[in-house]
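Protein chains in written order, with this note's numbering: chain A, 1 to 102; chain B, 1 to 486; chain C, 1 to 190; chain D, 1 to 627.
Quick caveat, the hints were computed from the structure, so don't treat them as lab data. Hints may contain errors.
[Claimed, not checked] Footprint (simulated), chain D over chain B, 3 or more residues, beta carbon under 8 Å:
no., stretch
1, 126-132
2, 284-296
3, 311-325
4, 357-363
5, 391-398
6, 424-438
Even for Gly, the Cβ is constructed at its ideal location relative to N, Cα and C.
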Amino acid sequence: MKGPDVTWYLGVAAFMFATGALGVLLRRSPLIVLLSLELMLNGANLALIAFSRLHGGGAGQIFALSVMAVAASEVVVGLGLIVAMARRNLTLDVDKLTWLRG
Amino acid sequence: MANGWLTDTLILLPLGGAIFIALAPLSRLAAGLLALAVSLVEIAFWGGALTSYRFDQNIPFVQLEDRTTWFGELGISYHVGFTGPALWLTGMAAVTMTAAIAYAVWVRREHARAYFASMLLLTTAVVGVFVAQDYLLFYVFWEAMLIPLYVLVGVWGGPGRLRATLMFFIYTMAGSLLMLTSIIVLGISRGTFDIVEGGVSNSDWIFLGFVAAFVVKAPIFPFHAWLPVAYREAPAEVAGVLSGVVSKAAAYGFLYIAILHFPHPTHDFRTPILVLAAIGLIYGSVLAFRAPDLRGVVAYSSLAQLGLITFGLFATNLAGFNGAVLQMVNHGLISVGLFMLVGLVELRTGTGKLDRLGGMARGRPALATVLMTLGIIALAVPGSSAFAGEFMILTGVFTSGWGWSVVGAIAIVLAAMYMLRLISAVLHRSKGSAVDDDARDLRLPELAFILPLVACLIVLSAWPAAVTDHNLDVVNAFPALERFVP
Amino acid sequence: MSSLVLAASAGNVLTWVVWFGAALACVASGIAVVSFSNPFYSALALIGNLASLAVLYLLLSAEFVAAAQVLVYAGAVMVMFLFVIAYLGGRADAPWAGGPSLHRFAAVGAAVAILVEVLVVLGLKAGGELSHPARISGDFGSPAEIGRLFLTDHLLAFEITSVVLLIAAVGGVVLGSHARRLQAEEAGLE
Amino acid sequence: MTEITTSWICLFSPLVAVIVIALGGNRFSRRAAGVIATGSVALSFAAAVVAFATMLTRAPGNRSHLSTAWTWLSAGNLHFGLSVLVDPLSVFMMLVVSGVGGLIVLYSIGYMHGDDEERRYFAYMAMFVFSMLLLVQGGNLILLLSGWGLVGLSSYLLIGFWHERPAAIAAAKKAFVMNAIGDATFALALFLLIAKTGTLDYGLAFSKAHGLSQTVLILIALGLLGGAVAKSAQLPLHTWLPDAMEGPTPVSALIHAATMVTAGVYLIARTAPIFQLASVVQDTAAALGAVTLVMAGLIALVQTDIKRVIAYSTMSQIGYMFLGVGLGAYASGMFHLLTHAFFKALLFLAAGVVIHALAGEQDIRKMGGLRGLMPKTYAVFLVGALSLAGIPPFSGFFSKDPIIAATLERGGAFGYVMFVLAIGGTFLTGLYTFRLVFRVFHGDRDRFVDETFDTHHGEGPLVMLLPVGVLAIGATLAGWLQVPGGWHGVSSWLQPVAAPILETTNTQEAIASIVSVVLGLAGAGIAWWIYIARRRPAPAAVPAFERKFWFDELYDALFHRPAVTTAKVLYALVEGPLVGGSMAGIAEAVRGLGTGTGRLQTGLVRTYALALAASLAVLAVVFLAVR
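Could you build the full structure based on these sequences and the hints that come with them?
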């Protein structure tokens, strides 16, 4: 294989995943949390594709495509929720959403 | 894989019976009789298994096998089959469960369909534990025992049943979860959950996870806190099954899983376990000697007996194993029989308090004879099958150190003391305040479900080698044991 | 012979250069997504991130995934994002996390720990095993191969994915209509 | 092999009777139960006689046969067969057990007549005979131990036969527990034997015993001796025997005089090879026997219950047997066992006739002058008493004196101390025996006798008198089986099994005979002087004798009370907290867990996400470390 090893791709994937995780953990805007989640998913996708290349099998790519589909679904539902929240005139701040508390 | 269908039938027959009884709109009597019929057929099938099992060193250790892939990717399969000890224990379970069901029919338990369905479910679970050859399957059956027991104690028990079920549940769950952890780690790391294929393991932690489940269920001192409460509150026949049959599942687990599949950890941990067993043996005997009621005596004597059985198992030699298996069969029969007698006495007098009983031998020859016979076999009078079992156990444990046998010998004397106290308190001296003249002798139907147990014990007394001779060829099956099997 | 090596190494160097550019873009845009306070800019940064990822996919010979990434993700999904952000306008801005500082430190700690652990595994535990990728044929990442896989070996996954998408679509519709009815009711009350 | 077949018949005939009586229940009349039991024991006796006669025709070296029915118990290389050993010693015991047993069961038909649980009684009696036969016929030590335990069980059942009497039940339990202690030490000896030799078959174990270390041998012998001492009511495990007199009198005669209590003597003779290798323990057995015989004689002097006097006398006589087998004079010990079975059963049964006639009264202070009312009983009782006191030509004389002579042959300080104790015992025997005779049958008739004695009833039915008569003949003639300096019927018969390790000379026999007869007569004379000439109602009270040397109090303080206290302490300190406390602890823990978890539930999505991420980080470390 020309160019960098799979290791390098995995490094980038890990970095993206960690960055996305940081965003999820630190941001309060639900939109940005959602975007950070996309970032994490894409980090995982990169890792999947890199391993797919490493083993020469197609399963990793299939998995990545499935992840994309799930991500799209997630965006639909997530954005739907956000819009619903906005329509009910709620603050768009995840720290204000504490209904989960028992 | 010859005759594997027998094993499947033994598992599925009571299950099918349970489902049918639970769903079909049967009257109380019909439900009870159907359950009784199912368990009698179960005994017949066990007879079939007994005759088609070959006690031969050239035949694989596990026989009457059946195997179907369950979760192939994880290496989990429905794999069942009999080992020698499992065969005898299954027979004991089938016989005692039948007696317990007959007892329940006789005393007319409320909510009959739920009750008998639970009893049959329990039979399936117990048999499943004995025949499972896959760790996860073992766990499934192990936990399946808990559900009917929980219901049986919690619904039909005495006034303190809720506390009893809570304690029983919490204690056994704590042990079981540790076992589940062990099973998962073991199965995942090997890629198979099969007990036979997996071979032996050397991991101390996995071993201790299994032991945690077994010491609680058996129970071994000091994990017995649930025992007196549960045995006092459970319906008599359920208490008998609990102490006679369910505890044997734990003892069998010790033998088949903990010892045979973890020889090195067994070797490392046997002394602490023997110490606990010794303490339990003496402790249970002493407490049984002072227990104020019938159930207390039988319950603590059960603790002592389990200590003794553990002695035999962790003697880790053939004499110990054989004695322990024989004693498991004996104790199952004795315990169920005694608890049923306790129940019948309680029905007649309304109490189990020893100081309010007495003088029941006068005019009640059948009760006196049966209680006396069971009692003296329970105290292991020389010549009885319980004596044969204890003798073998102590012979086996002697090679580990004479001190263990001395403890066992002291326990034999203590057993004589507490059993005679029980017998005398019920039968002898002048009539107790709770005994009036309409407390009748055992009636024919009652004899019909107790006498078979006594008969089994007498036959075993004449020929204990029926069990010990055809039991284990562990050294052949588990070469790793040779290291410490003399 | 030497010219061939030279050509190969030239190709190699070129690949490195492209990879390096894409990786850098990936990292930078990833940081940008997280750090912009305006979601609009974050979303744009994510589009850039997805595009550079597509380049990395191409370098890994996954042509179809790269194309899907650009068309579906960067195209369709992100446009939806941008629509929503535009719809919500300024309300979408929320400050950075407040709360106890312990929480923030723990968050950074956890994220860094994950990163460090993966790098440690890559560097120490798995080094040799990752440097020998399998030989692949030309149709490794081609649409034909992906299609074949989807309709043979991974048919179940394919079907389940489609069901998930359908359910998500239904969920989106329900959420939207519900919100609209709520709005209508509130309007009616006023 | 006729003797093998007949041995099996002999063993199982009483067991069949037990099963028949138990299953028959009310379908048999009470008398039928007695007849079945008697018949079965008589069949045993007949079988034993046939076996004996068959063996007489064989050469002495060819008289030992082992027959195994099936493997009783096994594990690996250990196999214990259900087997009978037919050899001179076991046939000797079979004859004693089934012969005397048959007579006593027959007697019981009369004695127990009218008791409403006769069937149970006869089932127990037959059970006992079976157990005792298993004990003496068992072909290996585990069967011996089984019989050993089963006779203890039968003894328990029969002592407690009148189960509404608290004293009877307490005595029965005491007997069983004491015997269980002996069983336990016996079993320990067997465990050691198995561990060292891998077998419990007599021949093999004895031949392998030669290779064992002295310590091991001493321990094995001590364990066996513990069993023997408990079963035979020797010091220090003797306290159960006097209490066992709570049982019906025929039971006392059969179990607590003629057969079971002498099982310890049989055991030492049977395992003689082991005891010979551990000579310290064999000497201990002799010493225990000697001390017991004196002490029991002393206590017998002050007892007022007719059966208890005879019971202490039994202890004392078994002391002689222990002394004999302890010194290695096995044949003498076994011979005394035989004669003792006759004359002691005779005494008990005669006492039973008296008790029966006096409506169950056993206190000798309420008796007196019965000679005129019960002449036949008086005659047979006198035969028994003379035999017991060792007066020639009655049997006790012939069997006791060789034992005393053996102490002389043993010599040394040990031997002479034993000699002094033994002849002291003969004096005491004469004294307490004739105290009983004079107190019960001579002197003035007590008012109580006049009130209760039923002249129509007389001395009892024929079924009672017939066995007593037969026993009286036996007590008179049995001694002539072996006459010192004359012939040695018993010794030469037992020679192949237990060859004596010392031979007494005629001089020693003569000294022993003269001394013991003189002292026995002296004892009788003093009894005459006190009870007839001086007409003293009872001897001066000696506290140590009356309290039986405080053994009961000692055991109570040493064992019973500590056991009760331990149980109470365990309940209070361990069981209570464990059972109640663990419940409270669990509840507390669950509550605390709930509160803690509740605090974690902030409801903030980010907290949960953080928990997820942190767990991921931790799990990754775990996987790295564990793999």
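Okay, the hints, checked on the actual structure:
1. 126-132: violated (count 0)
2. 284-296: Satisfied; 4 residues make the cut.
3. 311-325: That given contact holds, which follows from 6 residues of the stretch 311-325 of chain B lying within Cβ reach (below 8 Å) of chain D.
4. 357-363: Since 3 is at least three, the answer is holds.
5. 391-398: holds (count 6)
6. 424-438: holds (count 5)
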